[in-house]
Each structure stands twice: as structure tokens, then as C-alpha cells.
Amino acid sequence: GQQLNQSPQSMFIQEGEDVSMNCTSSSIFNTWLWYKQDPGEGPVLLIALYKAGELTSNGRLTAQFGITRKDSFLNISASIPSDVGIYFCAGPLYNTDKLIFGTGTRLHVFP
Amino acid sequence: NAGVTQTPKFRVLKTGQSMTLLCAQDMNHEYMYWYRQDPGMGLRLIHYSVGEGTTAKGEVPDGYNVSRLKKQNFLLGLESAAPSQTSVYFCASSPTGLSNYGYTFGSGTRLTVV
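As they're listed, the protein sequences go chains A and B.
First residue of the first sequence: 1, per the working numbering; consecutive thereafter.
First residue of the second sequence: 1, per the working numbering; consecutive thereafter.
None of these hints come from the bench; they were simulated from the model.
Hints may be right or wrong, so weigh each one.
Stated by the list, open to error - In silico EDC-like cross-links for lysine to aspartate or glutamate, where the CA-CA straight-line distance does not exceed 20 Å:
1) B:9 - A:38
2) A:98 - B:79
3) A:98 - B:52
4) B:14 - B:79
What the hints assert, rightly or not - If we take Cβ atoms under 7 Å as the criterion, some of the chain A residues that face chain B in the derived model are:
5) 13
6) 33
7) 39
8) 52
9) 54
10) 97
11) 101
12) 103
13) 104
The C-beta atom is built at its ideal place from N, Cα and C for all residues, glycine as well.
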């Protein structure tokens, strides 16, 4: 079935550094969503992408919808301590309106 | 505006015990979902509902039952808890089935089965 694989699984970075993570699938997606989960909370939607090649920003976050429609990327510039959390990609399961989620990238930011 | 509220936040069960997790949303959303989150596995869909009185199976439904008697509430039941059901459970809702716009999640219920 459809699966979303995220890499890296975890990252340890210093405050101020830029961060890049990606999400890949063996299947084509028509929508990519990026969520962030703060410790002890539920995921919150950060960015939504609807078209291949689309580049969308939300503050220091930028996400891209891959040209092949099988991948997406999330970049965080000038990281700060509150960026700590788990970042999930998600997309609608083929021919349904149910979301499937990636395995997550856990981000640690050190001052 | 509370959004999606889950109760309880924490629970410890003995193997074989039963319990019900409650999810309530005040956004008049039609669709509601139950996910479980396990380390390294992301979020997996257990059951979902496309409207009051409806339920459907997700990716990992075995060992769980659900009910949606009222539009604003979606209940997840464990009839006979097993250690494999130790997890963090998240409820979510969306206004329609167009998941392009994402879901609103609750803050989770951490369940431990011993």
C-alpha cells in the first residue's frame, strides 16, 4: 500500500542553523501536507501544497511539492528552540479522502 | 472555542480491562478520525466517521470499536485491552472529506496497558 517515508528520523542541530528534511513515497500524491507536533500535543498543520513544483512559505518554513509528485521537502531557516518537535508529512490515500502520515522527523535544537 | 477535546489525557489499564476514549469537537465538523501514534511508525488510522451515525475501518481497526451517536462526539472503545494497544491516541476532525485542507487534532490520550 501507500507509504510515506521521512528522513532523517531525527536531527540534532544548534540554534541558528538551517534544517532540511524530506518525505518520499512510491506512489504519486496530489497534495502534500506538513504538520508539526509539539511535545505532549497533537499535530498542527504548517503548510499545504497542491501542485507539482509548488514552493510555499510560512515564516521561516518553506516546503516544496516535488516535480515527480512522489516527494516533498521542508526547510526551516535560522532554527530556534521552539522549533523542537516532530515534523510529519501527510497526503491523501489514493482515491480516498483519508490522510496517511509519514514516520516523522524528530528535531532537537540546542542553544 | 475549544476545537477538539480528548478525555482522559492519561490512563493505565490492566490486560483484559475495557475502556472508552472520548473525543468532542465544537466546530460542527462532519468527519472525525481516530489515530494511534507509536514510536517510529507515525500516525496510523484506526477508525473514522463521515457523519453522525456512520463509522468505517481504517488501517489498524482490530481490537477497537467506535460509535458516533452525536455529530460532535466520536468514541473509541477497547473491549479487552492488550499490551500491544499501549500507544498515544489522537482524535481529529475535518469539515469535509477533502483532506487537502488538513485535520484539526486533539492533544492526545496516552494509554498504557500492563
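Evaluated hints:
For the given pair, residue 9 of chain B sits about 16 Å from residue 38 of chain A by alpha-carbon distance, which is consistent with the 20 Å threshold. In summary, the hint linking residue 98 of chain A to residue 79 of chain B is not supported, as the alpha carbons are separated by about 25 Å, beyond the 20 Å threshold. The suggested pairing of residue 98 of chain A with residue 52 of chain B holds, with an alpha-carbon distance near 17 Å, which does not exceed 20 Å. Annotation: proposed proximity of residue 14 of chain B to residue 79 of chain B holds, straight-line Cα distance about 12 Å (limit 20 Å).
Interface restraint check for residue 13 of chain A: the shortest CB-CB distance to chain B comes to about 20 Å, outside 7 Å, so the restraint is violated. For residue 33 of chain A, the interface hint holds, the least distance from its beta-carbon to any beta-carbon of chain B being 5 Å, beneath 7 Å. With its C-beta approaching chain B no nearer than about 11 Å, residue 39 of chain A sits outside the 7 Å limit, and its interface hint is violated. With a cut of 7 Å, the hint placing residue 52 of chain A at the interface with chain B is violated, because the nearest CB-to-CB distance is about 14 Å.
Hint status for residue 54 of chain A: violated, given a least beta-carbon distance of 13 Å to chain B, over 7 Å. The beta carbon of residue 97 of chain A is positioned within 7 Å of a beta carbon in chain B (closest approach about 3 Å), and the interface hint is therefore held. A least Cβ separation of about 4 Å between residue 101 of chain A and chain B falls short of the 7 Å threshold, and the interface hint therefore holds. Hint on residue 103 of chain A holds. Least Cβ distance to chain B is approximately 4 Å, under the 7 Å limit.
The closest approach between the C-beta of residue 104 of chain A and any C-beta of chain B is roughly 5 Å, which is under the 7 Å cut-off, so the hint is satisfied.
In terms of the numbered hints stated before, the structure departs from hints 2, 5, 7, 8, 9, listed from lowest to highest.
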